[in-house]
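The lines below spell out each chain.
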Amino acid sequence: MIEGGVTNGTIALRNLRAQIETLEAEAAVGGRSVDERVRLIGLVALRGTIVGAIADYEWAQELADRLVGDAITSAAAFLARAHVRALFHRFTDALEDLEVAEWLVAAPDLVDHERAAAFQGLGRYEEALGIREAAARCAPSFNSLGALAMLHAESGDAERALHLHAESLRRYRGVSPFPLAILDFQLGVMCMRKGNFHRAQHHLTAALRYVPAYGPAQGHLAEVEAELGHAETAVALLYPLASTSDDPDYAGQLARILPYIGSTEDSRHWRRQAADRYDELIARHPEAFADHAAEFWLDIGGDPDKALRLATLNLEVRRTPRARELLHQAVLATNSREQDFYVCPAAGPRSGAGH
Amino acid sequence: MSDHFSGPRALADPAADLTDLYAFRAPGNPERLVVVMDIFGKAGSGAVFSDAVIYRFRFRRARIAATGPGAAFEVDPDEVRFDITFEVPSGDNTALQRGHCRTPAGATVSFSSNDECGGTGRGVRVFAGQRSEPFFLDVHTILESAEKRQLAFKKIGSDTLYGTNVLSIVLELEWAELLGDGPIFAIVCETLRKGPQPVRIERLGRPEIKNVSMSFKTFDQVNRDLEIRDLYNSEDAFALLPDYVSAYRARLNANLSFWDSLDGKTDWPLDEGGNHPLTRLLLADFLVIDISKPFQETSYFDIERAMLAGRPHSSPGGRWLNEDVMDSIFTLYINGGNGPRISDGIDAPIAWSAKVFPYLAPPNPPKVAAR
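Chains as they are written, first to last, in the working numbering: chain E, 1 to 355; chain S, 1 to 371.
Hints are computed from structural coordinates only; laboratory data are not their basis. Quick caveat: nothing in here was measured; it's all calculated off a predicted structure. Treat the hints with care, since some could be wrong.
Chain S residues, not near chain E, derived (Cβ > 10 Å throughout) [said to hold, decoys possible]:
#1 ASP13
#2 ASP51
#3 GLY106
#4 ILE228
#5 SER234
#6 PHE238
#7 ARG249
Label-pair restraints from in silico Cβ distances [stated by the list, open to error]:
#8 E/ASP246 - S/PRO366: 23 to 29 Å
#9 S/ILE156 - E/SER243: 49 to 55 Å
#10 E/ALA213 - S/TYR244: 38 to 44 Å
#11 S/PRO183 - E/ARG209: 45 to 51 Å
#12 S/SER110 - E/GLY5: 18 to 24 Å
#13 E/ARG171 - S/ALA351: 40 to 46 Å
#14 E/ARG209 - S/SER45: 23 to 29 Å
#15 E/ARG66 - S/THR218: 24 to 30 Å
#16 E/ALA134 - S/TYR244: 23 to 29 Å
Here a beta-carbon is modelled for each residue, glycine too, at the ideal position from N, C-alpha and C.
Please put together the full structure from these sequences, using the hints given.
Encoded structure:
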């Protein structure tokens, strides 16, 4: 935690909702400026990230599409839509929006920021690194160093990520807990994927201390607790999420972990819930949910063929080490031939998550 | 909400985002000075103060050091501070917060948010809570004026803030007891991150310095690409760092000249150094009030105008809640008072403030969204 503290996470979330409430009401009666509509999109997307609400992401997408339609010459509108498209893993579409934004003379640093995020999502780490490092050199700040830390976290350079994380914290001057929680969350996920569950537990717990209602942090902490042999703790963390969230990931995790404590019937219930919801979401946003759905079908979902189809789609969308690993596992599970699915022989490091 | 979103960093912290500062002698009670700090523009119904922020008022004695074209204030190095802090609300569904105001004598006045009676201590009364936004303006026509480089105000404008609410902190104090002899005081408010060494997040003195006067980059030939406001916000209003003053000055010179040009004549000729006559006074970015003068409804910048004209001032200055300060600012910037008063087409807020504590009108009901 940083010295001096930040706004209590419950207050911060409450104030985020209070911001959205007013902007939403104003947007509904029309006449809002492009800037305010862009702000609303950003705030709704932020809430979606924090509480893990797919409905918020979908709403942000709807707002962004409408904004681009209404303000076709606005660079800010295309930037906002690029951001939302990246949330749905539509990285190529996001890059196209960024090209338009650039042509409409958007601020270069804003375009670069979003472009690096899209490159990162696509697994084009070298290109993302070039942008992120230049930004951090030019203006070393919490934002630039934190973004660089997240890139290293995702590309698997844990040592560098942790160093940059510490460096970015020193430069944080705000009181919002969200950026800090998100950074700890990313590091927690990185550590979890590397199999360093105690370190993952530390970062995910820190994220939850900043924002107790941080759904994805709670969900991943449950995964970590399960890996550490604390199945009951994991189940206790997952139940409230699975019961209220529109993200099937929690129901899927719950279904996977419940058998460890002997609740097989309950597990079947949550498996069905997750399966139905994944099918719904894959129909609407195939790129966004291909990876998580593939993981689900490969494991408790029990449909490796479906997993293989989704893992293949996922690798088409993003050529990351994790996507390659997921496809590799799907190939093994279906006794398929790896070369039929364009898996690069020099696949990235294996995931240590092992769930 | 004249300072709303006055820099990119403020966007992340709505409960630390200062929007306006007001200072006036309590109507009907000359012994009392009232200062109001507004935060979190367009606050939704659940908005509350941050528990990690110090909301601070700073007072310094000031004197008129020079009049005429080089008009300037001299401000004492010593100051009096009031720090207001808040606890985490007691339950998820309540906006009720306990707040504490620390006085310069080290006493603490505690209060509950939204309690219109406020908390009282020796010579001090404090209110904090959600209120109707007292500020009014038409942002759209301001932006259009800058874009088209011609006045775009309409006879009847559209109040950007109509029906919205803010979080307000109202401090009413016995000025003679707590601030000492005046009669002129320089006042700023600030938000700071709590900690062993509090970090300034925002500061605010005069209305519309960071937005109408500083935000437009296109007219600034020196730092066209520089988002200057976060830097400006982080500075001490009473002691600007010499490193950046020239950047602030360049921005103000450029933007004030733009506003002056809008009526087709020059009311504010630049000096031989290219400086606009108002730049120096506006960079002294604090509200100035003369507590020896009786309450007046419209007197923002009156002291400074008298100083520029080389005559004694007769009104208290400061800023009253109901003043149409945008019209005052546009008239000052565009014709220097050498012509008719310029109206932006918005002449009133949704609800007038009252002349009794806590002054600001109760909050407006939430607008209903129809998604």
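Exercise. Beyond 10 Å from every Cβ of chain E: is that where the Cβ of S/ASP13 lies?
Worked result: violated (5 Å)
Exercise. Measuring from beta carbon to beta carbon, are S/PRO183 and E/ARG209 in 45 to 51 Å?
Worked result: holds (50 Å)
Exercise. Does the claim that S/ILE228 lies outside the interface with chain E hold up, using a Cβ gap greater than 10 Å?
Worked result: holds (14 Å)
For this session: Mind verifying the non-interface call on S/ARG249? Its CB should be farther than 10 Å from each CB in chain E.
Result: holds (23 Å)
Problem set entry | Range agreement (Cβ of S/TYR244 with Cβ of E/ALA213, hint 38 to 44 Å) | holds (39 Å)
Exercise. Range hint 40 to 46 Å: satisfied by the CB atoms of E/ARG171 and S/ALA351?
Worked result: At 42 Å between Cβs, range holds.
Exercise. Does the no-contact call for S/PHE238 survive, Cβ to all of chain E over 10 Å?
Worked result: holds (20 Å)
Exercise. Range hint 23 to 29 Å: satisfied by the CB atoms of E/ARG209 and S/SER45?
Worked result: holds (27 Å)
For this session: Measuring Cβ to Cβ, find out whether S/SER234 lies farther than 10 Å from everything in chain E.
Result: violated (8 Å)
Exercise. Beyond 10 Å from chain E, beta-carbon-wise, is S/ASP51?
Worked result: violated (5 Å)
For this session: May I ask you to test the hint 23 to 29 Å on the CB atoms belonging to E/ASP246 and S/PRO366?
Result: Given about 25 Å between the Cβ atoms, the range holds.
Problem set entry | Pairwise beta carbon distance, S/SER110 to E/GLY5, judged against the given window 18 to 24 Å | Between S/SER110 and E/GLY5, where Cβ atoms are some 21 Å apart, the hint holds.
Hints 1, 2, 5 from the earlier list are contradicted by this structure; the remaining hints agree with it.
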